[in-house]
Structures are given as C-alpha cells and as structure tokens.
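Chemist: Residue numbers (our numbering), protein chains in the order written: chain A, 1 to 342; chain B, 1 to 330.
Since the hints were derived computationally from the structure, they do not count as laboratory data. Bear in mind the structure is a predicted one, so any value in this text is a computation, not a measurement. Incorrect hints may appear among the rest.
[Said to hold, decoys possible] Computed footprint of chain B on chain A; a stretch qualifies when at least three of its residues, placed anywhere within it, have a C-beta under 8 Å from a C-beta of chain B:
1) 227 to 237
2) 249 to 259
3) 327 to 334
Backbone N, C-alpha and C define an ideal beta-carbon position, used for all residues, glycine too.
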Amino acid sequence: MTRYLMTRLFYFFLALLVLSVVTFALNWLFPGDPLTNMSGIRVGQVGYETMLASRQFDSTVVQQYLNYLEHIVRLDWGLSLSTGTEVWQDAATYMVVSAELVLLSFLLAVLIGMPLGMLAANYFRHNIDKVILTSAMTGYSIPVFWLAQLLILLFAVQIEWLPITGQINPLYAIDSITGSVIIDVLLSDSQYKLAALQDATLHLILPVLTLSSLPSMLLLRITRNQTIEVLQKPYVKAARARGLSQQRLLFKHALPNVLQDVLPQLTFIFGLMMANLVIVEHIFNWPGAGAWLLKAIIERDYPVIQMVLFTLMALILAINLLVEVYRGWRFPMTREERYGGY
Amino acid sequence: MDLLDIRNLTIEMDGPHGRVRVLDKVSLQLKEGEVHSLVGESGSGKSLLAKAVIGVLNPLWDVTADRLWWNGKDLLAMTPKQRRAITGRDMAMIFQDPLAYLDPNATVAEQITEAIPAGDVTGTFLHRRVDRKTRVANLLHRVGIRDHDAIMQSYPYELSEGIAQKVSIAIAIAHRPKLLIADEPTTAMEPSTKEQIQRLLGKLAVSQNMSVLLITQDVASILPATQRVSLLYCGQMMEHGDTEKVLERPAHPYTDAMIKMSLQAHAELAPKSRLPSLPGAVPTLRHMPIGCRLGPRCPYAQKQCVKAPLVRHREAQSYYCHFPLNEPES
Numbered sequence: 001m002t003r004y005l006m007t008r009l010f011y012f013f014l015a016l017l018v019l020s021v022v023t024f025a026l027n028w029l030f031p032g033d034p035l036t037n038m039s040g041i042r043v044g045q046v047g048y049e050t051m052l053a054s055r056q057f058d059s060t061v062v063q064q065y066l067n068y069l070e071h072i073v074r075l076d077w078g079l080s081l082s083t084g085t086e087v088w089q090d091a092a093t094y095m096v097v098s099a100e101l102v103l104l105s106f107l108l109a110v111l112i113g114m115p116l117g118m119l120a121a122n123y124f125r126h127n128i129d130k131v132i133l134t135s136a137m138t139g140y141s142i143p144v145f146w147l148a149q150l151l152i153l154l155f156a157v158q159i160e161w162l163p164i165t166g167q168i169n170p171l172y173a174i175d176s177i178t179g180s181v182i183i184d185v186l187l188s189d190s191q192y193k194l195a196a197l198q199d200a201t202l203h204l205i206l207p208v209l210t211l212s213s214l215p216s217m218l219l220l221r222i223t224r225n226q227t228i229e230v231l232q233k234p235y236v237k238a239a240r241a242r243g244l245s246q247q248r249l250l251f252k253h254a255l256p257n258v259l260q261d262v263l264p265q266l267t268f269i270f271g272l273m274m275a276n277l278v279i280v281e282h283i284f285n286w287p288g289a290g291a292w293l294l295k296a297i298i299e300r301d302y303p304v305i306q307m308v309l310f311t312l313m314a315l316i317l318a319i320n321l322l323v324e325v326y327r328g329w330r331f332p333m334t335r336e337e338r339y340g341g342y
Numbered sequence: 001m002d003l004l005d006i007r008n009l010t011i012e013m014d015g016p017h018g019r020v021r022v023l024d025k026v027s028l029q030l031k032e033g034e035v036h037s038l039v040g041e042s043g044s045g046k047s048l049l050a051k052a053v054i055g056v057l058n059p060l061w062d063v064t065a066d067r068l069w070w071n072g073k074d075l076l077a078m079t080p081k082q083r084r085a086i087t088g089r090d091m092a093m094i095f096q097d098p099l100a101y102l103d104p105n106a107t108v109a110e111q112i113t114e115a116i117p118a119g120d121v122t123g124t125f126l127h128r129r130v131d132r133k134t135r136v137a138n139l140l141h142r143v144g145i146r147d148h149d150a151i152m153q154s155y156p157y158e159l160s161e162g163i164a165q166k167v168s169i170a171i172a173i174a175h176r177p178k179l180l181i182a183d184e185p186t187t188a189m190e191p192s193t194k195e196q197i198q199r200l201l202g203k204l205a206v207s208q209n210m211s212v213l214l215i216t217q218d219v220a221s222i223l224p225a226t227q228r229v230s231l232l233y234c235g236q237m238m239e240h241g242d243t244e245k246v247l248e249r250p251a252h253p254y255t256d257a258m259i260k261m262s263l264q265a266h267a268e269l270a271p272k273s274r275l276p277s278l279p280g281a282v283p284t285l286r287h288m289p290i291g292c293r294l295g296p297r298c299p300y301a302q303k304q305c306v307k308a309p310l311v312r313h314r315e316a317q318s319y320y321c322h323f324p325l326n327e328p329e330s
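The task is simple: from the sequences and hints, build the whole structure.
Modeler: The structure is reproduced here in structure tokens:
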C-alpha cells in the first residue's frame, strides 16, 4: 500500500507540474505583455519595474518558471486586471460559493444515480428497468442550458414555486462571510433566520437539479451496466446457491464489486460537472467560480483565467487521487493489477 | 427414506430452433451419508441437474418432475423463499473453478463468516466476534489449512487453486449441510492437489455424515469412497447402481465405453494399439437423436433403439438399454 500511495502521489504532483507549465506558457500565448498577464500590473504602472526584477524577467525562462512556481505555492496569483484586487482573495469566496453548488449536486447525482442503477439492474429487462432506463436516456440527452431554461420556465415562471435566479433574496440582508449561503444564514444573527434559510434552500433547488441531471443519469447507466455484469459473475451465483437473500447478494457481494469499477468514473463525472458549472452558474446568476471564469474570459482578465483554470484542474486531479487511493485501499486487487501481480 | 428423490426430472428450454429437452426424464436417489458420483461428458446435463436441485436455474427454463423431493418435501411446490431457506440450511455446492466462485473483494474470513449460521454464535458483541474467528479457524483446520491466520486475511486472488478449493469447501461445510454437491471440483487441478481434495471430500463425508453428490467427467476421477454411481449422456440417464457392480459388469454400452476410455484401462492395452473410443461426437442441442440418445454412436444399436428404453434392473444396478451387456447366464 505504501508503494502504491507513493506512486499515486508522484503522478499527482507530476500532473500538477505539467499543468503549471501549461499555465505558465499561457502568459506568453495570451496577447499582451507576459508580465502583465502573470501579475496583473500593466506596463508603466507603479511597481512594474520592481515586479520585473522580482519575477526574474531579466533571467532565463527556467528561472522565470521556477519563480512562477514559487508564487503559485505562496498562492500569489497577482492582481485582477479588471478590479485590481488580489486574485486569491476574491477566489476564496467564489470557490466556496461554487463548492456549495457542486458538492450538493454531486451528492444528489450519487444518491440518484447509484441506487436507481442498481434497482434497474436488479430488475433487468423488467418494466422497472425499462422505465428507469428510458427516463435516464431522456435526461441524458437534454442539453444543460436548455434544461435550465425549461426548469425556470416551468417551476419559476409558470407555477411560481421557486425563485428564478440568485442565491437568496437580498431583502434578508445576510452578510457574506464564508460564501456558502446556507452556512452564512446559519452564522448570521438575523431575526428571520428560519425564513432566510428556507429562501436560500429554495434558491438552491433549481441550480442543483440542473447541474446534477447529466451526472446522475450517466452514473445511473454506468452503475446499471456494471451491476448487470457483476450479477452474472460466478461468485454471485455461488452466493445465491448458498441461499442468501437478494438484498444480501446486492449489497454484500455485488455492490463492492460494482464500486470497484464505478469509482474511477466519478472523476470523469466530476470533470464533466466542472464544465457544466460555468453554464449553470451563468444562467442562474450564481456568483461562483464558473461565472467568475466566464466574466474573466469576457474581460480578458488573464491572471483570473489562469488561476481558475489551474485550480479547477488541480481539483479534478485531487479528486482522482482521492478516488484512486480509496480504491487501492478498499479493493487490494486493483493495486496488484498495476504491477502485474507483485 | 431417501434424502434426495428425483423421479423423471425434465428440463426444457426454448432455443432458436424450437424447444430442446436438455434433461430427459432423469431419476436419481440419494441416501443420507451416501457418496454418489454422477458421471457424464460435457453437455450431458449433469451440472443442470445439480443446479435444478439447488434451485439456481435460469427462470426461463421449464423444470418438470414427477418428484423432486428433499427429505420427503416437494421442492418444486415451494415458494422461492422457502426453497432458499432449505438450500441455505441443508445443501451446499462447490465448483470447478474455485477462484471464480469466491468474491474477489472479500477476505477469506469474511466469506466463511458469512456462511456460518447466525444462530451458532451467541453472546455479547465482542464475544461473538471472537467466537466467529475461532469458528472460521476451526473450519480452515478441518479442510486441512494449517496457517489459518494468513489465509483468513487473504483475498481470493492471493490463493492457489488448491487452497481456494479448500476454502470453498470450508464455506460449504460451515453450516453443516446434509448434502454437498461437488461440480467437477478437481477437473482442472494438478494431480497432487486433486488427490488432496478427493481425500478431503471422502473424509468429510464420513466424519460429518454428509451426502456427497460428485459430478465428474470420467469414471477414473470418481471418489474412492463412492458407493453409488450414475452415468448421464445427453440428458438421459444411462445406468446407475452400486459402484462395484456397475464398474465390474456394466450393463449399458455407454458405461462399458466410459470404463474402457478411462485412463486406468489404458494400462492393459498393447503398445501402439488404438485407444478405445465411441465413434462420432456428442450431438448438438439442435440435432438430438430420438429414442435412446446414444443410438447413433452405440456399437450395439438396433432398430428398437429409436424408442427410449424403459428402466430395467439387475441386482443392485438399473439401466436404460434394450440390449444390455454382461447379462448373467441363465
């Protein structure tokens, strides 16, 4: 396990390094002055000359890259070109705002996708399976941006159950401390705490539903196919011959073996959610990292673009690392496969 | 009373070319504590018979029988739940490829523990834990595994085939079944491992007073402790009876051929002579012969053989043939 862990960590940091090379190169590929793209200080502005020296722009590219790495490690991403504030300072709140949305959607996707997938596999080719699979295919084929508009039209405009956009009604005057509305409301000492909490939850429903629709349907199909395959394996038959109940078969023998192959797909699904996050946050006017990235791209705010891209990709890599380590620990067989035995 | 009483068990399935009878009126009786070998080439339906008894056949197939009785109770008339209860309590099965039949993501200890009946372990939570562990260790000892600590923590992929088969036997005997069905347990094994497993099965049958239904491909690898033997060909019963009688004086041409084809018989052959074998090949499901299914391959077949023969008896053996061999002189 130690060896496995070390290899995984090594690859994780290697990937991060490659990623940093790419973002470093972006400074030259973006139009304009590389130093401005990197630090957010324009040519001729106060401090440009000092920055030129401190970023070692008089030295070789390798030196510049090492210096760039050092800044990344210190979380110094420079200043935003449009607002002039520290990028990392802004990022903290934006990230938490997005994290709330992403985590809830991811949780919902897992909670919908996996149980329904197993249910469908359990009733393979029965009516239950057909109904679940058909709805999964429908959900799978609807584009996210269209689904979002549709849900807004139906739930917010037509029957007026849910608010259209935003995080919370501004009339509640909840101060943004952490960025996550739910936590902010709980921390606040507003006298309408309960009403505010309810309002924030209502605001969350549509974005979470939209963001989780595609991942949950994907997960459903993957889980279903994997479960069907596992349920036909000899060891499940043997367990059935031992007179075990169907529930025990499903949860004790099928589920772990299904998870073994579904877990790596979670990384992929997470990456997919990151892509959809931008769309969903924009449509629902959700002040998160996705919307921020979109705004930065429109405003050509290169330090911000760099930082958000790097962080999102690093996050996906980190999730991948977590999943692989857990998988290697829980399913030792997968660890051995890598080395062809021992 | 017989422990297992099967009369005229028929299994039919719908194929792309119409209905096929994969098992044709097979009868088999098994007494308590008896070691019974079921011999048949691949495709003869011997595994189907075992699966029909355990109740894990494909639900799309039609299973009919005059009797499929377990201890006097009709298995076919039971609900799936009742049947599962009986299977889980009284029967157990081991398979040819033990590694494929063990859950790859559960340790040996977990899998054996699961097979120990819940009623066996009592006491407080901690007490139960310790109790379970000793029980698992005992079971491993009983199947001849000494370093139980190492094996208990292993995953199936870390085991050798012989050890894995021993583990699956340990799982099988964990709930002290009355019947152990062994579906070609040693077919793909090395000779030394094969013998270990065979000896173990014979020993367990005696010490646990457990019936064993051993399924093999040839008469050479039946258990030394076998009391009765049945021969199956293409889903039809050919002959069954006391092992000694059947092997010494086979009544059915198929039994005769199987004995001659077995490895031991080859020792007496002259050098460079042809190995004895039946002409032709096992028919496919699409082209099942009518009547006695051995007909087209049988050296003694005559016109009458297009009608399935009824059972005949001779001392302690029964056979299904119009023209039996080795008839006693009258």
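Chemist: With reference to the structure, classify each hint as holding or not holding.
Modeler: These are the hints, each one checked on the structure:
Note: the stretch 227 to 237 of chain A has 4 residues with beta-carbon separation from chain B under 8 Å; the three-residue rule is met and the coverage holds. Counting residues of the stretch 249 to 259 of chain A whose C-beta lies closer than 8 Å to any C-beta of chain B gives 4; at least three are required, and the coverage claim holds. Note: the stretch 327 to 334 of chain A has 4 residues with beta-carbon separation from chain B under 8 Å; the three-residue rule is met and the coverage holds.
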